[in-house]
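S.K.: Sequence:
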Amino acid sequence: MVIIVMGVSGSGKTTVGLRLAAALGCRFRDADEFHPPGNIAKMAAGLALTDEDRAPWLTVLRELVENTLAAGETLVLACSALKRTYRERLTVDAARQRWVYLRVPRELLARRLMARTGHYMPAVLLDSQLAALEVPEDALVVEATAEPDALVATLLRELGPRPAP
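First residue of the sequence shown: 1, per full-length UniProt numbering; consecutive thereafter.
Fair warning: there could be bad hints in the mix.
Said to hold, decoys possible - Computed beta-carbon distance windows for the label pairs:
id, residue 1, residue 2, range
1, 132, 38, 14 to 20 Å
2, 25, 50, 33 to 39 Å
3, 94, 51, 20 to 26 Å
4, 145, 56, 30 to 36 Å
5, 37, 153, 33 to 39 Å
Just so you know, these hints were derived from the structure itself, not from any lab. All C-beta atoms in this analysis are idealised placements derived from N, C-alpha and C, irrespective of residue type, glycine included.
Full structure from sequences and hints, please.
M.R.: Listed below in C-alpha cells is the structure:
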C-alpha cells in the first residue's frame, strides 16, 4: 500500500506523513528529496516550477511507487501532487494506493511558511501553488488545522485497518 499525503507547501505533508508512517510502522519518503538540483535552485529563487520542470521528478516518484508496490511494502509519501495529471501519473494501482489531501486556509499556510526555516520553498510561491492546485475528487480530505497527532489519529481511523505487508 502507498499512501500519498498531498497539499500545497506548508500544509503539513512531511510532519503528518512522518507521524503516520511511524504509526503504521512503515517507510516514509518526502518527494522534495527527489527534486533535481535545478528545480530546487529555481524554487529557492522564488520561481514556480513548470510541468516540464516537474516531469523528471514525477517519473522518479512513479518508479518509487511501482517498486514499493512490487515489493509488497507499505510507504507513506509526502508529495504536493497539485494537479490531477500529476496524481494520475503517480497512480500505479489505485486499489493499493490512497490519497490524503491536507486542506489548510491560505492565511494559516502563509503563517506556517513565514515561520519555517531551513526549507528552499519560499512563502512567495504560495499563491502560485494555490493557483495550480486542482482539488482532488478521490482523496480523503482532512482539514489540516489541528495538531499533527490529532490529524494522524483521524487518518488512521478514516483509512481503516492497517494494510497487510
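S.K.: Determine for every hint whether it applies to the structure shown.
M.R.: Taking the hints in turn, this is what the structure says about them:
For residue 132 and residue 38, the hinted distance range of 14 to 20 Å is satisfied, since their beta carbons lie about 19 Å from each other. Taking 33 to 39 Å as the suggested C-beta distance range, the pair residue 25 and residue 50 conforms, at roughly 38 Å. Separated by about 22 Å at the C-beta atoms, residue 94 and residue 51 satisfy the suggested range of 20 to 26 Å. Taken as a hint, the range 30 to 36 Å holds for the pair residue 145 and residue 56, whose Cβ atoms sit roughly 34 Å apart.
In this structure the supplied range 33 to 39 Å holds for residue 37 paired with residue 153, their Cβ-Cβ distance being about 37 Å.
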